[in-house]
Amino acid sequence: MADNKVIICCKCKKELIPKKVYFKYLGHSFFTDILKCPDCGEVFIPEELVKGRMAEVEMQLEDK
Amino acid sequence: MVLEMEKFKEKIKTCLQNEPAFCTAACPFHLDIHDFMPKMQRGGFNAAYRTYLNTVGFPGIVSELCHEPCKNVCPRRLKDEAIAMKHLEKAAIKYARDLNPNSYNLAPKNKKIAIIGAGISGLGCALRLASKKYNVTVFERTDRIGGHLWDVLPPEVFLADIERQFMHEKYTLNLNTEITSLDELDFDAIYVATGKGGTDFGLKPDPEGAFASDKPGVFMGGELCGRNIIEALADGLQAINAIERYIKTGNMNQPKAKDKTEILINTDLISYMKPVLPDEGEVFTQENALYEAKRCLRCSCDACVRHCDLMSYYGKYPKRIGEEVEITVNPGTLDGNGTVATRLISTCNQCGLCKGICPQEIDTGDFLLQSHRAMRGKGAMPWAFHDFWLQDMEFTNSEAAGMCKLPKGFDKSRYVFFPGCQLGASDPWYVIESYRFLREKNPDTALILGCCGAPAEWAGDEQLHEAAVAKLREDWISLGKPIAVFACPTCRQMFRKYLPEIEGIFLYNLMSELGIKPSPRVNGDTVSVFDPCTTREEPELQHVIREIAEKAGFSLEPLPYEGKYAKCCSWGGQVSIANPSFAREVVKARISQNSNPYITYCINCRDIFDAAKKPVYHILDIIFGSHDKDQMLPTITQRRSNRINLKHKLLSEFWRDEAIMEQKESRIKLLITPELRQKLHKEMILETDIETVIEHCESTGRKVQIPESGHFFGHLQIGKMTYWVEYLPEDGKFNLINAYCHRMSIEEA
Numbered sequence: 001m002a003d004n005k006v007i008i009c010c011k012c013k014k015e016l017i018p019k020k021v022y023f024k025y026l027g028h029s030f031f032t033d034i035l036k037c038p039d040c041g042e043v044f045i046p047e048e049l050v051k052g053r054m055a056e057v058e059m060q061l062e063d064k
Numbered sequence: 065m066v067l068e069m070e071k072f073k074e075k076i077k078t079c080l081q082n083e084p085a086f087c088t089a090a091c092p093f094h095l096d097i098h099d100f101m102p103k104m105q106r107g108g109f110n111a112a113y114r115t116y117l118n119t120v121g122f123p124g125i126v127s128e129l130c131h132e133p134c135k136n137v138c139p140r141r142l143k144d145e146a147i148a149m150k151h152l153e154k155a156a157i158k159y160a161r162d163l164n165p166n167s168y169n170l171a172p173k174n175k176k177i178a179i180i181g182a183g184i185s186g187l188g189c190a191l192r193l194a195s196k197k198y199n200v201t202v203f204e205r206t207d208r209i210g211g212h213l214w215d216v217l218p219p220e221v222f223l224a225d226i227e228r229q230f231m232h233e234k235y236t237l238n239l240n241t242e243i244t245s246l247d248e249l250d251f252d253a254i255y256v257a258t259g260k261g262g263t264d265f266g267l268k269p270d271p272e273g274a275f276a277s278d279k280p281g282v283f284m285g286g287e288l289c290g291r292n293i294i295e296a297l298a299d300g301l302q303a304i305n306a307i308e309r310y311i312k313t314g315n316m317n318q319p320k321a322k323d324k325t326e327i328l329i330n331t332d333l334i335s336y337m338k339p340v341l342p343d344e345g346e347v348f349t350q351e352n353a354l355y356e357a358k359r360c361l362r363c364s365c366d367a368c369v370r371h372c373d374l375m376s377y378y379g380k381y382p383k384r385i386g387e388e389v390e391i392t393v394n395p396g397t398l399d400g401n402g403t404v405a406t407r408l409i410s411t412c413n414q415c416g417l418c419k420g421i422c423p424q425e426i427d428t429g430d431f432l433l434q435s436h437r438a439m440r441g442k443g444a445m446p447w448a449f450h451d452f453w454l455q456d457m458e459f460t461n462s463e464a465a466g467m468c469k470l471p472k473g474f475d476k477s478r479y480v481f482f483p484g485c486q487l488g489a490s491d492p493w494y495v496i497e498s499y500r501f502l503r504e505k506n507p508d509t510a511l512i513l514g515c516c517g518a519p520a521e522w523a524g525d526e527q528l529h530e531a532a533v534a535k536l537r538e539d540w541i542s543l544g545k546p547i548a549v550f551a552c553p554t555c556r557q558m559f560r561k562y563l564p565e566i567e568g569i570f571l572y573n574l575m576s577e578l579g580i581k582p583s584p585r586v587n588g589d590t591v592s593v594f595d596p597c598t599t600r601e602e603p604e605l606q607h608v609i610r611e612i613a614e615k616a617g618f619s620l621e622p623l624p625y626e627g628k629y630a631k632c633c634s635w636g637g638q639v640s641i642a643n644p645s646f647a648r649e650v651v652k653a654r655i656s657q658n659s660n661p662y663i664t665y666c667i668n669c670r671d672i673f674d675a676a677k678k679p680v681y682h683i684l685d686i687i688f689g690s691h692d693k694d695q696m697l698p699t700i701t702q703r704r705s706n707r708i709n710l711k712h713k714l715l716s717e718f719w720r721d722e723a724i725m726e727q728k729e730s731r732i733k734l735l736i737t738p739e740l741r742q743k744l745h746k747e748m749i750l751e752t753d754i755e756t757v758i759e760h761c762e763s764t765g766r767k768v769q770i771p772e773s774g775h776f777f778g779h780l781q782i783g784k785m786t787y788w789v790e791y792l793p794e795d796g797k798f799n800l801i802n803a804y805c806h807r808m809s810i811e812e813a
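Top to bottom, those sequences are chains S and L. Its first residue numbered 1, the first sequence is counted upward by one per residue in the numbering used here. Its first residue numbered 65, the second sequence is counted upward by one per residue in the numbering used here.
Bound-form chain L, shown alone:
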């Protein structure tokens, strides 16, 4: 575990979370799109203008002249069209309330700085230095400021902008003053911006520092250094960082600004949005600007927080998660205070999408699984988060519900059907029909009713998981090492990971190979296939499912998240006890991808969507056609009795003379209203546990009564959970009025 944590810490260093957006990197001014665009998107033109002003110095000039290098790197250009930044900038200017710069009341600095050349680069540098209250002197060879601007813009445009930006600042301007030698200047630093073809005083650029020349204290930039007019302004604005560093430290080694980014954007996941053209002439209306701003993806390497449900729910990137998990697993204090991420660790669906969408393949999910194991190992993970499902797993493997059998007359089999725990729990019919089909085609097909070990894996219980895997291996060997036929993609994934020696195939692929005729639907409804997250790397299966659905007469419409981007229905990791609100949000997001009914091929996806009222079919519903299936989803209690019934039915149909199964009669008869039954289901209270509590109360006499209503109350701790019942005996039966449970235990003397 320590090693795994260290590995993750190393890997996390490659995270690109803080890399700039493409446009920001390419922009000569490095305009921070994450600052500018959210303001535009909410119609905050004034705030957006402030950002723009602070970045470019002369907004009026830049919004006219910028050559928009951002457009060549905007990922939208590959989908529809690059964001029209210049139009947005102009809109920010047009709709801003106040165009004037701020006046800053700073103490004057007693440092003198000379700027040679009053072109845009020199003026930019002068503006920044003057606003920081340096003593600035600009020397200009000609009789006017602006330099090259006179050739490219009407003077009223740029002169007005320059005048406005300098309205609060003072500097000394020496026109008609040609500097012929730097030696004649007595200043703390000099910025040389003499323009294209201007004098360079024999200076050479020093590659060690931004804007540095080979002469200490002398910097150079702008068109003199081969830059275009916009870059020249950017140079002037940015040179002051190098100048200030020199003034403070005497060094000329200001790092050069990065004009590249490492981020990668998956254009598959960008949805088309029509570009906007200005409604009125050259400038956007406010509505135009809002719409166009909303097209901006605000690129950053944030695929994880955009697409991973956990990271998006918590708003945390892998790095932050790594830090929080580390202090949770290894708390700094003895009493374990500050273990902030316990619930977060237990909220991961273990779907693996995080690694799949991260350009650096940072596997946060695996890290969380390792952390879960570490917490479990230390006994620091609250038992309640997984207790129900671990008990469910035990039940699946118990004598009542589990079995491993060869058909009579065979001592080994080619295939073994492994339906998994929940298919038969949802409806025994699915398993029986499938097994009947398999037996018809291959009479030696064996059967294992049991658990793949996923609940133990998700609970971080390594011991239990290893035992489950060992049992499966033993069973498989006892059947003659058959090919396993999986109905559940999670089982398949677990076998691939922990039992790679077992060859496997999906039930649906095998059915398709052996030939099935799904009952045709004449109405040709449009549906969407919901790929379970565990099939992300099973393209063949995804294809077969679509083939079957189409054969059945459905027309298919794709979902935003499918195929290799399939997302979890919320079942994965069995997180709903640890984080119910997260699980609810995930379900809501999944079912609202579109309004079509879904076809899925994981029974958990099916049942979860059905419970959320989304029309949904399991692929077996399509293959075997309609049946007199109870329309109500089974409760958690029924899911257990369904598994008992499944075993019983299978034994009686396929192993006739062995079908002597003791059907355990309930000890007491409970009367429960349908409403209460649903409540118990929602609160994950088994009716069998309720029976145990009432039995305890009745046999020990340990109960209390409200004389007014006659209702009895009693409680019992079963395992770690304490259950309360409120009931009324009625003709030898017990009318259950209410039941509830709590995790803390009562310390009874």
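Excised from the complex, chain S in its bound form:
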């Protein structure tokens, strides 16, 4: 859907670029590269990632 498309931060008018973003779930912390505004840090996570890898990790941590 939003794959390979230019995504602009509405505040800074900058294009989002992949940058390290930290996540936390059930006391575990981890990071991955996510589209992020180089200035203000606004992020974008597409549904494919949420339903795919993120849901997988969530499930693994719940079952850990």
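Fair warning: there could be bad hints in the mix.
[To be verified] Taking lysine-lysine pairs in the DSSO-like style, the calculated list, with each CA pair at most 27 angstroms apart, reads:
#1 L:Lys784 x S:Lys64
#2 L:Lys75 x L:Lys628
#3 L:Lys535 x L:Lys77
#4 L:Lys358 x L:Lys143
#5 L:Lys197 x L:Lys175
#6 L:Lys784 x S:Lys11
#7 L:Lys746 x S:Lys51
#8 L:Lys797 x S:Lys5
#9 L:Lys746 x S:Lys24
#10 S:Lys51 x L:Lys383
#11 S:Lys11 x L:Lys733
#12 L:Lys268 x L:Lys279
#13 L:Lys383 x S:Lys64
#14 L:Lys442 x S:Lys24
#15 L:Lys743 x S:Lys51
#16 L:Lys472 x L:Lys505
#17 L:Lys320 x L:Lys150
#18 L:Lys419 x L:Lys380
#19 L:Lys476 x L:Lys545
#20 L:Lys713 x L:Lys652
#21 S:Lys13 x L:Lys797
#22 S:Lys64 x L:Lys176
#23 S:Lys20 x L:Lys784
#24 L:Lys535 x L:Lys545
#25 S:Lys51 x L:Lys652
#26 S:Lys64 x L:Lys746
#27 S:Lys24 x L:Lys784
#28 L:Lys312 x L:Lys197
#29 S:Lys64 x L:Lys442
#30 L:Lys743 x S:Lys5
#31 S:Lys11 x L:Lys797
#32 L:Lys472 x L:Lys713
#33 S:Lys64 x L:Lys380
#34 L:Lys713 x L:Lys535
#35 L:Lys234 x L:Lys268
#36 S:Lys19 x L:Lys784
#37 S:Lys20 x S:Lys51
#38 L:Lys135 x L:Lys322
Since the hints were derived computationally from the structure, they do not count as laboratory data.
Add chain L to chain S, keeping to what the hints say.
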């Protein structure tokens, strides 16, 4: 909790999981039906024959002579007819590919064993010992082997079988050799099987060990010891365990095999299956054998794994669950690795069937509830499993949806109607009609719109649960301690458990007492009453529901699981977030019990079945007749707005001058397609939360845009969940393109 766990551990010791089947216990050879029958059931005649051969030694002889003690204990005999084991055994022989025994290449053992008597018992013992490569010598008084077999079977039958089974084995046979004294024998062990009326050499059986005599190293069995011919063979085959123990340890204390079982089978739950007669003469065709094998229940004490949805889904017995839960609650490592049962603990519907069907009354459900509490208490239970429902509970009790009121002009009431959280959420009409009826009959009937505390109980949140219960108690006292009228069986159960001081009655029982005339149906459709699991111990209610349904003109057909065996619709325990696939399987199993429409009297059962496209009525649909109810099930968002509307409508109809309620206007206007609305519903995303996210994006400017489509994306963590929206502003409204959410939180600087 520790105490509860210990209690469960003690109780689990009484579990009968490993007890043998009735037939296995009664069988002189203890033929393992769990090994033999699955092979027969899948048409694996050769494999089944191998099992049979290994168990009975001489299949040709046993399949002719066995007196089938299994038939006297088979539970099928109480329903239709005992399994025809002998026919099945003969079929295994007839259709097996290879009848010859295996040849084992073992090193010879330098132990000499004498067997006195070449009857079936002695030969059985010789066969087993020879195949283990002991040095075996058989002494026979007469000039032929077989003993008593000559009187009961044609020699060509038993001699052929004996010859075949010994085809790979060697032993020394001394015919015409009568042993008069054991002292003349120089052997490591002796088995005396001289047959009925044969010499016993003055030996006496030693009750301390199987087949043991009072003389060290000398064993006895078979018809000499009063056994019949089949038991005699079994003795010979089994005596080698005692003999080997003696050879290895010098002890004669081999435990006797158990010929009893403790298991109990509930014959109520056995369905009738017509017994099979052989199509061709004396022997089953392959089809006959398959059918007859499938009649076998493969008895074991497995009522729990057969009937409990959780145990059957995981294929785990209470003992295994106990072990896995224990290491989950008390993990061996600091980082909590190996907490294998977190999801399992959260998958229990809390329906209580496990205890009800267990002959030892092992209450695995209660154990899982205690474990859930322990996990929650430690903060080790993933919040997402119950977060939605705990928030829903909070909403139910909030100013917007909850209330506790006496009718105007009364300072106390005889009854208080407690419809529960979901009846009005499904359709306010149910609650309004019911309350109107109750007020007509008893104008002082009060009303509580609130939660019974079940979501907190199921989430293992003891604090929240205690607070909910305390609030209910306070409300009840403020109304003058009325009798509570329940529409929801779960509420009733919760009150019974935690508020036993509150007298209660079911709405439907009260309606029936006060007199109702359900709108009659002329067509007399056949339906089945689906008893909610929480009514398992409410036979009166179950009866009243059936009466009402019959009065309305329905003919009723029973379901396999009803009455005291009623099973959960999947709602119980609110497990569908923790284990969606389990919940789906449960629903599927419940609705496919038969093809009739169901009548139920728990709104959650009704709505869940309706969502799965099963034709279903709530008993109130029958009582109040048809109404212009929206055919579409409400979404989770609508279920909340329905509760707000319910309060509003009740206030305006029954407390007119207090009906000034502030209707909260939505801050922003959302445009959502019906498809997207269903998606949000399925993913348990509230439209009100979506509004909050868009509002946040718009007011803070924190959003991103794809220039190509113009779509805006933004996110916000509400509570613990993070919601994403994709939208397009349109004439002061917001066209929602998509929304999704995740549990992990983004660590934003």
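*Compare the structure with the hints numbered earlier in the document and write down the numbers of the violated ones, lowest to highest.*
Violated hints: 3, 10, 20, 22 and 35; rest satisfied.
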